[in-house]
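*Asks:* The listed protein sequences derive, respectively, from chains A and B. Mapping of the first sequence onto the numbering used here: residues 3 to 425, in sequence order. Mapping of the second sequence onto the numbering used here: residues 38 to 447, in sequence order.
No wet-lab data here; the hints were simulated from the structure. In this text the structure is predicted, and so the values were computed from the model without any measurement. Glycine included, every Cβ here is placed at the ideal spot set by N, Cα and C. Among these hints, one or two may not hold up.
[Stated by the list, open to error] Partial list, computed: chain B residues near chain A (C-beta under 7 Å): (1) Gly234; (2) Gln237; (3) Ala280; (4) Leu330.
[As the list claims (entries may be wrong)] Derived contacts from chain B toward chain A, CB cut-off under 10 Å, selection only: (5) Ile185; (6) Ala220; (7) Arg230; (8) Gly420; (9) His422; (10) Ser436.
[As the list claims (entries may be wrong)] Per the computed footprint, the stretches of chain B lying under chain A, defined by three or more beta-carbons under 8 Å from a beta-carbon of chain A, are: (11) 122 to 135; (12) 246 to 256.
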Amino acid sequence: MAGERGPLDGVRVVEIASEATAYAGKLLADHGATVVLVEPRAGSPLRWYEPFVDDVGDPERSLWWWHHQTSKHGVALDLDDPTDSRRLRALLAAADVVVEAEAPGRLAAAGLDPAAVRADAPRLVWTSITGYGPTDERSRQPFTDLTLLAEGGPVWSCGYDDHTLPPVRGGGGQAFNTGAHYAVMSILTALLYREHAGVGQRIDVNLYAAANVTTEFASYSWLVAGQTVQRQTGRHAAPNPSFPTQAATADGRHVNTGIPPRRPPEFRAVVAWLDELGIAEDFDGIGVLRLGAELDGEGEAGNVLDLAQIAEDDLMGEIFQSGRDAVIFIAAHVTAQEFMLGMQQRGMASGAINSPEEVLADPHFIARGWPTPVHQPELGRTVTYPGGPIRFGATPWSIRRTAPRLGEHDDTVFGSDGTVRFP
Amino acid sequence: MGALSHLRICDFTGQLAGAGATKWLAAFGAQVIRIEDPVTKGRWDILRGSPPFKDDRRGIEFGAGFQNHNVGKLGITLNVRTDRGKELLAELVRRSDAVTENFAAGVLERWGFGYPRLRELRPDIVYVSNCGFGQTGPYGTFKSWGPIAQAVSGLTFTSGLPDEDPAGWGYSFMDHTGGYAMAIAILMALFHRVRTGEGQWVDLSCTEAGAALHGPAMLDFDVNGRPMRRPGSPNSNRNAWPAMAPHGIYPGAGDDEWIAISCRDDAEWEALRTVAGAALPDRTAWASVRGRLDDQDALDAAVAAWTRGADRFATAAALRAAGVAAAPVRRPAERIDGDPATGAWPLWPTVAHGAMGDVRVDGLPVHLSETDWDMTTGAPLLGEHNDVVYGDLLGLSSSEIDGLRAEGVI
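Chain A extracted, bound-state conformation (with noise of 0.2 Å):
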């Protein structure tokens, strides 16, 4: 864990913890910033997010903090208590980041305006993220990951064909996530300015308009052509209903079936494979099928199905449709490993659906190594963590410490005397 050389070895981080900063300090620490996790005295109300250990609700033992705050050291400090707040004040001073997503004007009524702090420390860089931005009422409002999703737009593009079903917000705290890939976006850019310029800035990110801006078609469809996509089971949203990407698999589970065949070689490929499955005289499409194997050429641009020529010939278009039923015919009689395999083997895009414990038996997330153990003290064995999300050749994501404990680092940050030091 230790002694690993990261990209921000060296760069002094405060964060003051928020589900809304969690991941972008975690991004900062496993990558080698010194990131100092400030927390009120009583813990965090994030020590209380579930799962615990053994499902016993502890503040030593969620999960949630575990993977959160990996490679972070922890101080405890009451913003309202005059000496934290002068503590804190000090430390803040003293760095080069501050991550902080508190309710506008918070942090000013506890003695700590960014613009003070900022104007003692000009090569500062302060983040601030909030839920829609510095000014706007909502974000002295509650809001979630659901609601933040729901009103920013992701949600009205996700769900089912089916419309009587309600849309579905995606899991795993997303709306977080993606404003903590802004903050740290953000961030590094300010950080290499100021390496250029010497100076640091005020950085404000907005958890809405983050949202806004990670829902590819929906936004520039309205944007250019005025038209508005509906959501449609386990695909893209559209403005016009687009064929099944998705099929049911023998193990139960499901795939992404990718593009369906469009060219010669590809319609052979997905017959001599029904024909090694001893499945292909029960597709009904087969004599279909067989055409289009049976087409000249191999494929390059010009003999690629031409979606013009889809629409207006009925056979090309029978056979196009054939290509698909046939994948998903195919994917009701093996695995979804097998499918993807057999399909990526054959040059055709394709992906299982896995669920996030499979992802981490998955052979080609272990080959990589992605699966990471880490030694956890308070269970006095190893824990397997997620890997990073990045593969830095000289300076490797790693995690550098497990969580910290409550106050595991007063002593090592505050000298008796007043004084401030980053670990």
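We have chain A; now place chain B onto it with these hints.
*Replies:* Coordinates of chain B only, in the frame set by chain A:
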């Protein structure tokens, strides 16, 4: 002056997972030189000619996605199959701080521009390659795009309702997020370089960047042995971490109208009851979060029966005023033109595009006080900046550039 105006990027990225990363760099002033293939007229990036279209005008200069993801970049054509093309690419690399691409694994190497060669050309070069599964491993050669990376990384599975198929994401969440991870990779490597003088190769796998977003679920499995694939799971409209109830997406009055509501604690539940009044049954067991979690189906049915009767915007406003997290599920029009806050940010800047005219695009959800982003020019037309780059940057005369055109090098 932009925050990154001192940097030049030799950019082969496309689609969104790659182009989204260098869009950020360009918005902060970096000179991003986007290289396209003259032989296929840039169609490696299928978004160049893909819908949606403005004014229904079609062709490689009219794909709105391409335009959205490439604002502010320079565009040149270069045929790297030719010897002269390779020489010109080498000259560009020598003058660049970073080389970026999201081809399938190994493409640059086959062209003769793998990392060892790039480092020969410029010892401190930052090279970031981005593909679905990374440059190594059993799936290293597999084809991928957003929905595939979402499937394999767990993101599709974790989005859905119980007893239904996975709902997944109705757009390429991992193209956006792969782009964010790639921007972070480029910026971190450049930061390390400015501090130490050392460049490096960064291998970004979009499936790994996606899988990294499931930490608590993975630890729950490793530590507690609890898989997410189990009966009744997942239900991603509910919330387990932290436990909240009610927490869901409920119908509003009207067709396909919905409202999201989260009660984070018992006080917020009491506040919701006050807003709903007699429309909600009074059940003692529901006073505690434990009681509500244990009876969530009945609780959700009762909340839905109430919300169904009123306009979702009005219900959300009343709940917010009472201190309860709530929001209407907004349609694109309702958040883009119907919410003045996004326009005022400004989240939808208008850029000038050489063929499409004025077009609104996705802006950035951040502001930097000293060096904010700027988007004014649209995506480059195919080869639009050949004269600027080959002439001003590489020092070729106009007759030499004409010769390159004639020979099919650019």
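*Asks:* Minimum Cβ distance from isoleucine 185(B) to chain A below 10 Å?
*Replies:* Holds - the Cβ of isoleucine 185(B) comes within 10 Å of chain A, reaching about 4 Å at its closest.
*Asks:* Under the criterion of a CB-CB separation shorter than 10 Å, is alanine 220(B) in contact with chain A as hinted?
*Replies:* holds (5 Å)
*Asks:* How about alanine 280(B): closest beta carbon in chain A under 7 Å, or not?
*Replies:* holds (6 Å)
*Asks:* Per the CB criterion, is glycine 420(B) less than 10 Å away from chain A?
*Replies:* violated (20 Å)
*Asks:* Given glycine 234(B) was flagged as interface, is its beta-carbon under 7 Å from a beta-carbon of chain A?
*Replies:* violated (11 Å)
*Asks:* Would you check whether histidine 422(B) satisfies its interface hint, that is, whether its CB is within less than 10 Å of any CB in chain A?
*Replies:* Not OK, violated: histidine 422(B) not within 10 Å of chain A, min 23 Å.
*Asks:* Count the residues of the stretch 122 to 135 of chain B whose Cβ falls closer than 8 Å to any Cβ of chain A, and tell me whether that reaches three.
*Replies:* violated (count 0)
*Asks:* Could you check if serine 436(B) really has its C-beta closer than 10 Å to a C-beta on chain A?
*Replies:* violated (33 Å)
*Asks:* Quick one: see if chain A covers the stretch 246 to 256 of chain B, three-plus residues with Cβ-Cβ under 8 Å.
*Replies:* holds (count 10)
*Asks:* Under 10 Å, Cβ to Cβ, is where arginine 230(B) needs to be relative to chain A, so tell me if that hint holds or is violated.
*Replies:* This interface hint holds because 9 Å falls under the 10 Å limit.
*Asks:* Does the interface hint hold: is leucine 330(B) within less than 7 Å of chain A, judged Cβ to Cβ?
*Replies:* violated (11 Å)
*Asks:* Hint validation: glutamine 237(B) versus chain A, beta carbon distance must be below 7 Å. Holds or violated?
*Replies:* Result: holds, 4 Å to nearest chain A Cβ.
Checked against the numbered hints above, the structure violates hints 1, 4, 8, 9, 10, 11; every other hint is satisfied.
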